[in-house]
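Protein chains: 2
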Amino acid sequence: MSLYAVIMAGGVGSRFWPRSRRSHPKQFLDVFGQASLIQNTFARLQPLVEAEHVLVVTHADYVGKTREHLPAVPAGNILGEPVARNTAPCIALATAKLIAQDPDATMVVLPADHLIANVERFHRVLRVAVKAAQGAGDGPAPLVTIGIRPTHPETGYGYIQFDADGDLDGVRDDGPADAPRPHQVLTFAEKPDVQTAERFLDAGDFLWNSGMFIWRADAILAAFERYLPKVYKLFAPLASEFGTDREAAAIADAYNRSPKISIDYGIMEQADSVLVVPGSFGWSDVGDWRAVHELSEQDDAGNRAEGNVILKDTSRSFARSADGRLLVLVGMQDAVVVDTGDAVLVCHREQAQKVKDIVDFLGVHGMEDYV
Amino acid sequence: MSLYAVIMAGGVGSRFWPRSRRSHPKQFLDVFGQASLIQNTFARLQPLVEAEHVLVVTHADYVGKTREHLPAVPAGNILGEPVARNTAPCIALATAKLIAQDPDATMVVLPADHLIANVERFHRVLRVAVKAAQGAGDGPAPLVTIGIRPTHPETGYGYIQFDADGDLDGVRDDGPADAPRPHQVLTFAEKPDVQTAERFLDAGDFLWNSGMFIWRADAILAAFERYLPKVYKLFAPLASEFGTDREAAAIADAYNRSPKISIDYGIMEQADSVLVVPGSFGWSDVGDWRAVHELSEQDDAGNRAEGNVILKDTSRSFARSADGRLLVLVGMQDAVVVDTGDAVLVCHREQAQKVKDIVDFLGVHGMEDYV
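Protein chains in written order, with my numbering: chain A, 311 to 681; chain B, 311 to 681.
Among the hints, a few may not be true.
All copies of an identical chain are treated as equivalent in the list; a pair is satisfied when it fits inside any one copy or across any two copies.
Simulated pairs of lysine-lysine, DSS-like, Cα-Cα distance not exceeding 30 Å [stated by the list, open to error]: (1) 664 x 441; (2) 375 x 666; (3) 622 x 664; (4) 664 x 501; (5) 501 x 622; (6) 441 x 375; (7) 375 x 622; (8) 501 x 666; (9) 543 x 622; (10) 375 x 501; (11) 622 x 666.
If you're looking for bench data, these hints aren't it; they were derived computationally from the structure.
Assemble the whole structure, with the sequences as input and the hints as a guide.
This is the structure:
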């Protein structure tokens, strides 16, 4: 049973404006050092998944750039979506591709643009999740996800409640008490308000929804057939089209006729046998500039400066200059300043989510050069 | 008795960095609309002083730029200082020039880089000050300054205490009760702390020191001879050198041997017969970016945006973009953001005074391109 990875790289990440642009989305940014987020995601899969077994699903416009960032991945493994239809069609496409290639495949599905600080612990959790996904005994192989043990009452993530007492015969790990082990999922919860998030944190049986999934290709295919039959009927037949001259047209047709739906809503929240492996490995979805600031190395005043920057009487701030231009902050607290040559963003750290609204505004007002 | 004006334009105004540079000081900036500060200063003198009677004293490096900004002023009236020696030598130079030209001259001396919102009221005050300076009766002609009625307990200005009850025979204006009239000066006070400034404001007999002076040329010459004899001996002989081929060398020699001293400290605080005419005409010395923001037209949220700027959930802020580059503020309060193409300043409004320290830092660290 070979292990494959599917990297979902379809988004734009407009909260990283002005660095992220329609032509250069978040996953291609080197927000933490030399490598891009997608390169880091690929690199940390390497010990478990060989490069030839990595698939990437991205927007058709980004196929070329993805190939540049991941030269070790075979060109044919980088699939372009003609339109964005959320995660369920994206996963259905990758599943069709894998089923055609290796009907016995086990898939690790994960976003291209997340941060994982402790890769070794991530690998331990992933190995347990893979083992659980490959099933045991005679029952159907389960759908498995990874949940992150929450460190604070975050309102920006969905949550997963798991059965802390449940006994999973045959898949229980025999390691030490803190070893990762799978649990039955009880419920998926939407992004909560702060009071609910605090209750989740106190309860102890809620995890952050990481958006990482592990399952056998035939198990998720069966789940599509049962829970998302329309998507199944559009995408399952693609298995016989890959590598033919009908491939592009068939994919385009499936996407054009597909609903927009997430894998969480369409399948994970519906399915009977869903497991979660809790983990703690310094995970973040790096959702905005505030997250970049928090996850970056800082000086004693809590500042992070990149490029030609001078800070005076400034604290808890992130400043990045471009093209050698001088950027000076005086008397600032909790500021994010990002210069990209053609645009400068000055944002309060706690309002970094609103940067997305600026991108919307620019689009609506015909300022396409900046989008 | 002809009226002359001396515009003092020697400073750099480094608090206006990054717009002000050593090669392009504050007085040449168009901080309030189309015209530069020095052009505005010249224009508002026009109804009282003809262009041929305007002298400008500036640093030798800025003579060319001053001529460009004030083409109506005869080239020979723009005097270059080889080194900056504060205001007393600057005024001594202009006085020597005027004495040579018109021994009966009355001089209005004023800085190049101030703002006056109500020009008509300024003219009324100036006319009263000129009349007072030309003297009456047999006594020596007085030295006259203009004091600004304080509107708040400002700690950034020096103050002038005047004799509110004193009767000045012969120079009292016979107009209505609120007409400007001269008063005897009691004391000059340094920039106060905030408690002292509040006391000054409550007292009612303190005015802001505007740095504007009105006197007969022979009166200030006599004051130099008495109170600053060293400066007098260096500069008074220059009267016979203007227009000769010795002019430049003689001026350079006087400056090189001159002490650095202000006219306030050297003469005004020492002299016996000093008058002040209180005025209220929307005056500011436009000392930093905070002052520019306060004196600019603002939107309902207290913002001032110049150029290609988008503001979201932002208030009490000043933002100026350069070269069409897009500048976006999100969730900011009390911010000053100034882009000049090669540099971007992001400063808390209440800490705008510290911008000067940045310029010092750049100089010390060899970042001359930005100074």
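Hints and how they fare:
no., hint, result
1, 664 x 441, "neither (41 Å within a copy, 61 Å between copies)"
2, 375 x 666, "within (23 Å within a copy, 45 Å between copies)"
3, 622 x 664, "both (26 Å within a copy, 9 Å between copies)"
4, 664 x 501, "within (17 Å within a copy, 43 Å between copies)"
5, 501 x 622, "between (38 Å within a copy, 25 Å between copies)"
6, 441 x 375, "neither (33 Å within a copy, 77 Å between copies)"
7, 375 x 622, "neither (39 Å within a copy, 32 Å between copies)"
8, 501 x 666, "within (18 Å within a copy, 47 Å between copies)"
9, 543 x 622, "neither (61 Å within a copy, 45 Å between copies)"
10, 375 x 501, "neither (32 Å within a copy, 61 Å between copies)"
11, 622 x 666, "both (29 Å within a copy, 11 Å between copies)"
Comparing the model with each numbered hint stated earlier shows that hints 1, 6, 7, 9, 10 do not hold.
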